[in-house]
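S.K.: As a plain string of letters, each chain reads:
Number of protein chains: 2
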Amino acid sequence: MIGASRDPAKVGHAILKNLIRSGYAGKLYAINPHAKSVLGIKSYKSILDIRGKIDCAIIAVPAKVANAVLKQCGKKKVKGAIIISGGYKEIGQYKLEKELADISKKYGIAVIGPNCLGIVNVHKHIDSIFLPTYKMKRPQLGRISFLTQSGAVGSTILDLIGESNIGASKFISYGNAAVIDESDLLKYLREDNETDIIVAYIEGVSDGRKFYDELKKTAKKKPVIVLKAGKGEFASHAAKSHTGALAGDYRVFSSMLKQAGAVEAENLEDLFNLSKIFLQPLPKGDRVLVITNGGGDGVLAADAIEKYGLKMADISRGMKLRLKKIFPKYTVISNPLDLTGDADSERYGKALQEAIKEKNVDAIIVITLFQTAGLNSDVVHEVISAANSTDKTIVSVATGGRYTQMLLNIIESYGIPAYESPADAVSSLSKSLQYYKKRARD
Amino acid sequence: MIGASRDPAKVGHAILKNLIRSGYAGKLYAINPHAKSVLGIKSYKSILDIRGKIDCAIIAVPAKVANAVLKQCGKKKVKGAIIISGGYKEIGQYKLEKELADISKKYGIAVIGPNCLGIVNVHKHIDSIFLPTYKMKRPQLGRISFLTQSGAVGSTILDLIGESNIGASKFISYGNAAVIDESDLLKYLREDNETDIIVAYIEGVSDGRKFYDELKKTAKKKPVIVLKAGKGEFASHAAKSHTGALAGDYRVFSSMLKQAGAVEAENLEDLFNLSKIFLQPLPKGDRVLVITNGGGDGVLAADAIEKYGLKMADISRGMKLRLKKIFPKYTVISNPLDLTGDADSERYGKALQEAIKEKNVDAIIVITLFQTAGLNSDVVHEVISAANSTDKTIVSVATGGRYTQMLLNIIESYGIPAYESPADAVSSLSKSLQYYKKRARD
Chain H
1 MIGASRDPAK VGHAILKNLI RSGYAGKLYA INPHAKSVLG IKSYKSILDI
51 RGKIDCAIIA VPAKVANAVL KQCGKKKVKG AIIISGGYKE IGQYKLEKEL
101 ADISKKYGIA VIGPNCLGIV NVHKHIDSIF LPTYKMKRPQ LGRISFLTQS
151 GAVGSTILDL IGESNIGASK FISYGNAAVI DESDLLKYLR EDNETDIIVA
201 YIEGVSDGRK FYDELKKTAK KKPVIVLKAG KGEFASHAAK SHTGALAGDY
251 RVFSSMLKQA GAVEAENLED LFNLSKIFLQ PLPKGDRVLV ITNGGGDGVL
301 AADAIEKYGL KMADISRGMK LRLKKIFPKY TVISNPLDLT GDADSERYGK
351 ALQEAIKEKN VDAIIVITLF QTAGLNSDVV HEVISAANST DKTIVSVATG
401 GRYTQMLLNI IESYGIPAYE SPADAVSSLS KSLQYYKKRA RD
Chain D
1 MIGASRDPAK VGHAILKNLI RSGYAGKLYA INPHAKSVLG IKSYKSILDI
51 RGKIDCAIIA VPAKVANAVL KQCGKKKVKG AIIISGGYKE IGQYKLEKEL
101 ADISKKYGIA VIGPNCLGIV NVHKHIDSIF LPTYKMKRPQ LGRISFLTQS
151 GAVGSTILDL IGESNIGASK FISYGNAAVI DESDLLKYLR EDNETDIIVA
201 YIEGVSDGRK FYDELKKTAK KKPVIVLKAG KGEFASHAAK SHTGALAGDY
251 RVFSSMLKQA GAVEAENLED LFNLSKIFLQ PLPKGDRVLV ITNGGGDGVL
301 AADAIEKYGL KMADISRGMK LRLKKIFPKY TVISNPLDLT GDADSERYGK
351 ALQEAIKEKN VDAIIVITLF QTAGLNSDVV HEVISAANST DKTIVSVATG
401 GRYTQMLLNI IESYGIPAYE SPADAVSSLS KSLQYYKKRA RD
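Protein chains in written order, with the working numbering: chain H, 1 to 442; chain D, 1 to 442.
In isolation and in its complexed conformation, chain H is listed as follows (with noise of 0.2 Å):
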């Protein structure tokens, strides 16, 4: 840690005290001219007065010095670094940048920056944010890395993961990616055991060759969602002040996008919607069978399967007699399969458990509105059980505040997403069923 500081409000103090926190197995080493030590850790004055290896270097002092210590690296023969300094080509410094990049080819050095947030690693316990914890929620172990160009977009997407109990894999904020740029890191992704789905916020490529190449092949093996920024004349102008990326032209990067094979997100929330989707089995076609306990809730979800292009499953005459047996009157058999108001744990399970039976049915969306005083919170172990024994795809729906988050949160945590609204699940599912024909085809 380069720039390691005593001051509790410095970049450098903050990036050190997660280094430690997250319980990185390798040894830690703190850079700081003027300190004994940093947080119990052995200061030196310069990366080279120390007499281990170092496999990577994290550089967080001004941009003025961040070349000369990357040179430093250099000569003590680090492998990687990760600059967390801005004030390069974002602030039109395009010559200290080159520099930077220079320094990099000349010692060999792979270098993550400048001008990022760092990076999380979630299974080598690495995290080298410098936001709060009680700020920003990590992530719990997952399947789910990110690529991203803005350190701030990237971070708040992984709060909402943290906090969601989905979990992720990798977190990688590129910043200026003066050397390794969003097409070496897809690669690196691609070939990663430790990532099953890749989410990325891009503002713009340098080399749209290379980044056609290395999408196509990653979204062969695994599904790639990309948010691109900066879609408009004033967007664009704002991309490059803001990490230097030049946007280029939105119609030409989304064609490229559908053609390599990659998800494409529309917005913030679509993202984090899409990044989900995938934890759940790749639907093999459009019959959905919406399974819920609100009526209205039910109407909107097959408002919305209209819209996104699904379609809804018909029931067998056989699952539709079993059902009636056991079910109240007054539920109607039918798709949605409104369970009604007063609905228990057990009539989800029912109705689930013959659900994941059905032939005719692809995908289902359970929608529990936990709200009801008849439905006590056995309901999730019900999905998640389902979930569990089926390769059907299985999406939970539910509307409401903390108590509401809080069943969420549990059904999330066993890798089923869960939406907040049924508009939301569907069409992320149709995304999904998209990318599945697409891959299908290829």
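There is no bait here: all hints are sound.
Partial chain D-side listing against chain H, Cβ under 8 Å, derived:
(1) Lys135
(2) Lys137
(3) Glu203
(4) Gly232
(5) Ala302
(6) Asp303
To be clear, the hints were calculated from the coordinates, so they are not data collected in a lab.
C-beta atoms are modelled at their ideal positions from N, C-alpha and C, and glycine is treated no differently.
Use these hints to put chain D onto chain H, whose structure you have.
M.R.: The following block gives chain D in isolation, referenced to the frame of chain H:
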């Protein structure tokens, strides 16, 4: 409370409990032929046994008995009744519902329901909803009123409103609308001094002409936001078996809404997002200033502003010069105004104080990434203070977990709508401008 029960699992228990808890100033009576008292309230065999005058009866007894009970209410000269009981039109019992309407007419009882969730009147401390408070938060005092055909959908929205501190005035779940329908309720809320904004979830209307007339009159006076469910073929079939509503042709309905000057919500989230935008002054024009501490979020906001037909406001030379003087050199004074990742509350305060004085700005989107180390919670008060001293539209945006939510709730409690993504904020802003323009034209 007719059908008051000593059994905590029964609807008639939950309602009485909530009526007591909510602190209604009037007198409560319980009707239960088998108990001497329920929840500490003396119980009567029949409403006819009560000596005092009754203003409103809440009926939660089986449908077979409910009509007879309503007749007794008529004999007791009760002027209003809320019939919670289901088992009418929605399951094909048209005769029973006709009978109910006839009794209502004969005795002059205004009836809400049947097959509904009841009402909440925050100003009058009446809560007749049978959902437990630990599962569903109740809203604090506010100016938004809700009409909902589906009790379930309505209750989830009420839960969100409660959670977010936005506040509400009246909540009316009207179910099958056997007597009082959506048009009557619109008329009532139009004249209600405790209601500034009307939010409606509607599956179908029985009298289109009447609805159009009332809607048009109402929308001229206050914003009416409508979510129409049952848009497609499948969905309208589902709506019929839910509240017995004929959903009708969606396109006709949608253009009718537009013609009448109502604001149409696309889905449940949109309904929630739109309900709060009108707490702010209506934007008088389309020029939006974006203030942010996250460059990426600024880019996303700019994207959305172009997508939804708004404009990025030009920052005047004067404002530029003044901010240049006081802001760090590396901040670029343009729109989006990126205060950069190290922005503190003071920097936000200065930007906001300049922004509310700018003549070129109609609306301000304040994006705050609360996760950054340098931004403390004081920024919340900067936003509130700016909003309180301007008639420009101010909306807040922040994405994140619990810490972020907590701060957004404070902002919302001051009538400043907070959104979880730039796109949501811009989309809502754009619809409020459309409403303003339509009202200015008519």
